[in-house]
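Protein chains in written order, with numbering that gives the first Met the number 0: chain S, 0 to 223; chain U, 0 to 408.
Treat the hints with care, as some may be off.
Only pairs whose alpha carbons sit at most 27 Å apart, straight line, appear in this in silico BS3-like list of lysine-lysine [unchecked claim]:
{"no.": "1", "chain 1": "U", "residue 1": "Lys74", "chain 2": "U", "residue 2": "Lys301"}
{"no.": "2", "chain 1": "U", "residue 1": "Lys27", "chain 2": "S", "residue 2": "Lys115"}
{"no.": "3", "chain 1": "S", "residue 1": "Lys10", "chain 2": "S", "residue 2": "Lys116"}
{"no.": "4", "chain 1": "U", "residue 1": "Lys27", "chain 2": "S", "residue 2": "Lys116"}
{"no.": "5", "chain 1": "U", "residue 1": "Lys167", "chain 2": "U", "residue 2": "Lys74"}
{"no.": "6", "chain 1": "U", "residue 1": "Lys167", "chain 2": "U", "residue 2": "Lys145"}
{"no.": "7", "chain 1": "U", "residue 1": "Lys267", "chain 2": "S", "residue 2": "Lys50"}
{"no.": "8", "chain 1": "U", "residue 1": "Lys74", "chain 2": "S", "residue 2": "Lys52"}
{"no.": "9", "chain 1": "S", "residue 1": "Lys52", "chain 2": "U", "residue 2": "Lys369"}
{"no.": "10", "chain 1": "U", "residue 1": "Lys71", "chain 2": "U", "residue 2": "Lys5"}
{"no.": "11", "chain 1": "U", "residue 1": "Lys301", "chain 2": "U", "residue 2": "Lys71"}
{"no.": "12", "chain 1": "U", "residue 1": "Lys369", "chain 2": "S", "residue 2": "Lys116"}
{"no.": "13", "chain 1": "S", "residue 1": "Lys119", "chain 2": "U", "residue 2": "Lys27"}
{"no.": "14", "chain 1": "S", "residue 1": "Lys50", "chain 2": "S", "residue 2": "Lys219"}
{"no.": "15", "chain 1": "U", "residue 1": "Lys267", "chain 2": "U", "residue 2": "Lys159"}
{"no.": "16", "chain 1": "U", "residue 1": "Lys230", "chain 2": "U", "residue 2": "Lys71"}
{"no.": "17", "chain 1": "U", "residue 1": "Lys154", "chain 2": "U", "residue 2": "Lys167"}
{"no.": "18", "chain 1": "U", "residue 1": "Lys167", "chain 2": "U", "residue 2": "Lys150"}
{"no.": "19", "chain 1": "S", "residue 1": "Lys115", "chain 2": "S", "residue 2": "Lys1"}
{"no.": "20", "chain 1": "U", "residue 1": "Lys302", "chain 2": "U", "residue 2": "Lys74"}
{"no.": "21", "chain 1": "S", "residue 1": "Lys219", "chain 2": "S", "residue 2": "Lys10"}
A short list of chain S residues far from chain U (calculated; beta carbon distances all over 10 Å) [what the hints assert, rightly or not]:
{"no.": "22", "residue": "Arg35"}
{"no.": "23", "residue": "Arg96"}
{"no.": "24", "residue": "Met99"}
{"no.": "25", "residue": "Arg107"}
{"no.": "26", "residue": "Asn125"}
{"no.": "27", "residue": "Gly126"}
{"no.": "28", "residue": "Asp134"}
{"no.": "29", "residue": "Phe135"}
{"no.": "30", "residue": "Asn138"}
{"no.": "31", "residue": "Val152"}
{"no.": "32", "residue": "Val159"}
{"no.": "33", "residue": "Lys164"}
{"no.": "34", "residue": "Ser192"}
{"no.": "35", "residue": "Gly200"}
Hint data in this document are derived by calculation from the structure and do not stem from the laboratory.
C-beta atoms are modelled at their ideal positions from N, C-alpha and C, and glycine is treated no differently.
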Amino acid sequence: MKRGMVIDLEKCIGCRSCVVACKQHNAQPAGNWWNRVFTPGSNRHLSPPEKGKEYFLPVHCQHCLNAPCEKVCPVGATYRHDDGTILVDFERCIGCRYCMAACPYGVRQFNWEDPKKTMKQYEYQNGYTYGYPRDFRLNGRLVYMPSRFKGVVEKCNFCVHYLDKGLDPACVRGCPGKARHVGDLDDPDSNVSKMIREKNGFNLLPEKGTEPTVFYLPPKRKEV
Amino acid sequence: MSNSKKLGFLVTGLLMIAGFLAWIYQYKEGLVLTNMRNSYSWGLYVSGLAFFVGNAAGGLVLSSLIYLFGVKSLKPFAKIGALTAFANVTAAMFSILPDIGQPIRLYNMILHPNFDSPLIWDVIVLNLYAALSLLYLYILMLPDFKGPLTKIALKVDQPKEFSETWAKRLAPFSLVAAVGIHVITAWIFATQGGRDWWNSAVLAPDFIAVAVASGTALVFIVSLLTYGFKKEHQEAYRSMAIIIATAYFIHIFFMYNDFIIHYWYGAKEALETLSITFIDYGLTHAFEVVAPLAAVILLLNKKIRQSSGAMISSCILLILGVFAHRFLLMPAAFDKIQLSMNPLGLQHIYWSVPIASGRYDPFIDTFVTKWHYFPSGIEITIFLGVLAFMCFVVLFAMDRFPIAGEVKA
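This is chain U alone, in the form it adopts within the complex:
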């Protein structure tokens, strides 16, 4: 094992342990250790769900592109795609776990599922997707199982042909499942007529666009780390850069399309939501737009695509931008009190009902209309633990399984 690999295992291992201990502590004390409040009831953990679900997409979209649309240059990355898909969709589920106040009772989801709830749909589709991406990965690896791994190999006469046929057969299903996880995760939010910020028909398509950008960027990073810069992969780099760029521009179009429609009409509720994003969180919003834009411009540049370091940095920049985007899913939804009105006979006053924060603090008012949320140390530690878990799964699989194909000389 190389030193960088050892370091990778060490860092992800330590972060995972720290995250796990933080979760145990939070389980014991309650969610009081987070910075969430009654008025701001979802935070980093749920943003994390959307973030990891997004990263999971690219994988299978990419793999199915190869087998459905014959984008041959991407073929060496098919297994990496399926692997990052699996790692991220499991990370998405782990990300939401610490958000649950009574995790022991999760079996109620099986005993008493309410099929009206988009959350139940999401749990079903995320699990299906995890299973499907694992199966897909297995089928793709089948011809390459050697040594002790032959024990887990399915006995077929011609593994190469078998793998190819079944990968082709599974491709349409995985594409549908990949689209499904984004649409349904978006529906968790978009169905909520009570939150103006989420309640938009554009949210689900936008989730797909963001996911294709960040998911592909992640495959891009992992493949560069695995193979290093390879001349014969240049066509693939170009394809991935174009996929990321297209997806990013579609995302920007969807997002600003929604903003402009609401801004033009100028209803008070909409303006308040927009002002939270553009003024209270203006810098974060600027980052979520500019960082991926810079990344896309760089990746589209031929010269940049000659350096593995430059490509990796650009992809990381894009993913960070997407993370900021996911973080911003919450403030404009929760910092605006829905029960706001013009009091009877006082049409010039717009007034919001303060909500009991649910937290004891001797120095601030129990009732709040705004809560400047920033995740607590515990929340950040747990989130980093989940992120480390995702990286660990990728590293571990790369180390033990035939993920990296042979590069033709």
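The following block holds chain S by itself, in its conformation from the complex:
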């Protein structure tokens, strides 16, 4: 079993529901974003860099098969789960940020200070909390916690705490256009394998040799 994701850019409408769902469900501290949606070529979301040439690109952890972040972590806090997912053990991370230097996708985020303090700066209402409310351990390792430690790195965990309950990741469930799909990349007949094969699935930065398990399907060009 190798869990992978396919994002169909033809179906992505740039609504950023996945961004909000991800942020909320994973209780991301103020200022941290595991998942983002861009308008490639433009500095402003939804404004086309050129008339009729806009498309939207969601970016989060690519759960690479040759993951530099996993290899550089001196204490094995970033590690690979049996299904290929790259996870961060919040209890083990020493906060050296080597993984952030190693990741070519820039998706890793550091807790520069106590997240409770940042909540105040961003003027969240006193005592307001959001997201999956309990710690989640996978084989004893703390891979999700609603209230983060100061000084540790975090990133997309493929919603491992929901997988445990048989649910898809929050971004998949939150997508109104059904642009996101999760499945087994090892199985040639799985929905994701078929989509990648039949619709020219591609990766981000393939030249870096990281072999991501997140694939994108190119958007169709409109008739001119």
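Based on these hints, arrange chain U on the given structure of chain S.
The following block gives chain U in isolation, referenced to the frame of chain S:
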């Protein structure tokens, strides 16, 4: 104790206390007190690691030159070499400590080491090197232990011969270890295919070249401060000047060799990296090239080598240049967003994904593609504290231990 020594202890002591307090404060508040961001996740502390590791080299390279290649004129400086090596390699480790977000958890490095990580290799080799340089220093000092120090002296029949034999036996190992710390520290960066600026086969050899230059310059400074200008050391001054000059020119060759290859091919990624170094940080780059060049030209001049002040200033200039070089390890790596592309169907646009800075600032955008990093006051205070620690170790050992040999009349 002379007044200048007292002043030395006072200044280094105060700086160490200031640095330590700054670190405690940073530990309490978090790394938010630094000027690093998610997009620019390593700064002065990691540059400091590379800088101190570089300074540590010269020491043992020098010592082993004496015993492996018989450069006799350098013999009075052997102990100084081992001492600066020890002081700098420990400073390197202290420099990286404040960069750790959860320092209390460092025991995980022993409980759960990941041997794929170059950082683990570096921790191992730096500790080995610290132990080795201390042992080397001890063996070199053995014949000179007097008074209360005889208590820590190993009881051997002929300490002089014993010291000489074992120094010779250890020399090849220390040379390998000295080379090892640079290569492995360079590999922390050079292995990262995700950062074009670092991912180069020339980085490790270049680290060795820089280290031989700055490490020797440091031994040069300390020996002049210890012995003052001595006529009978002139041969040694000349040897050290030549070692520094050769190492510096090899470094410049390695560096520009890499630049020219990438510039000629002209790939966008490479040009962007080069433009950060040559345009955004142009003055710093000019300094890292010109300052050591000036120092080398001065040191190669016979007349300059008649004045201890001129030699010390030249060596300091060189070390400052090397520091600028170490600082520049970061900007071109972090100010370039790796996830940059030509959007589908828009081949004429080169676009970078903005990264969440991870910092709250009501006045600037949360998402950045460039971050003009300059270390914060806290970072500078901590770094100066570590620098003071290095100087303090050298001063203290000079004061208490028989480091300076007798100069033949």
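Comparing the hints with the structure gives:
1. U/Lys74 / U/Lys301: The given pair, whose Cα atoms are some 21 Å apart, holds under the 27 Å limit.
2. U/Lys27 / S/Lys115: The given pair, whose Cα atoms are some 14 Å apart, holds under the 27 Å limit.
3. S/Lys10 / S/Lys116: violated (38 Å)
4. U/Lys27 / S/Lys116: holds (13 Å)
5. U/Lys167 / U/Lys74: Distance ~12 Å between U/Lys167 and U/Lys74 Cα, so the pair holds.
6. U/Lys167 / U/Lys145: The given pair, whose Cα atoms are some 23 Å apart, holds under the 27 Å limit.
7. U/Lys267 / S/Lys50: holds (25 Å)
8. U/Lys74 / S/Lys52: violated (72 Å)
9. S/Lys52 / U/Lys369: holds (26 Å)
10. U/Lys71 / U/Lys5: violated (33 Å)
11. U/Lys301 / U/Lys71: Holds, at roughly 20 Å.
12. U/Lys369 / S/Lys116: The given pair, whose Cα atoms are some 25 Å apart, holds under the 27 Å limit.
13. S/Lys119 / U/Lys27: With Cα atoms ~18 Å apart, S/Lys119 and U/Lys27 stay inside 27 Å; holds.
14. S/Lys50 / S/Lys219: holds (15 Å)
15. U/Lys267 / U/Lys159: Roughly 61 Å separates the two Cα atoms, so the pair is violated.
16. U/Lys230 / U/Lys71: holds (16 Å)
17. U/Lys154 / U/Lys167: holds (19 Å)
18. U/Lys167 / U/Lys150: holds (25 Å)
19. S/Lys115 / S/Lys1: Violated. S/Lys115 to S/Lys1 sits at ~36 Å, over the 27 Å cutoff.
20. U/Lys302 / U/Lys74: Holds - the C-alpha atoms of U/Lys74 and U/Lys302 are around 23 Å apart, at most 27 Å.
21. S/Lys219 / S/Lys10: holds (10 Å)
22. Arg35: Incorrect as stated: the minimum Cβ-Cβ distance to chain U is 7 Å, not above 10 Å.
23. Arg96: Violated: least Cβ distance 4 Å, not greater than 10 Å.
24. Met99: violated (4 Å)
25. Arg107: Violated, because the least Cβ-Cβ distance between S/Arg107 and chain U comes to about 7 Å, which does not exceed 10 Å.
26. Asn125: Given that every Cβ of chain U is farther than 10 Å from that of S/Asn125, nearest at about 17 Å, it holds.
27. Gly126: It holds; S/Gly126 is separated from chain U by about 19 Å at its closest Cβ, greater than 10 Å.
28. Asp134: holds (17 Å)
29. Phe135: Fine: 20 Å to the nearest Cβ keeps S/Phe135 off the interface.
30. Asn138: holds (14 Å)
31. Val152: violated (8 Å)
32. Val159: holds (20 Å)
33. Lys164: holds (28 Å)
34. Ser192: holds (23 Å)
35. Gly200: holds (14 Å)
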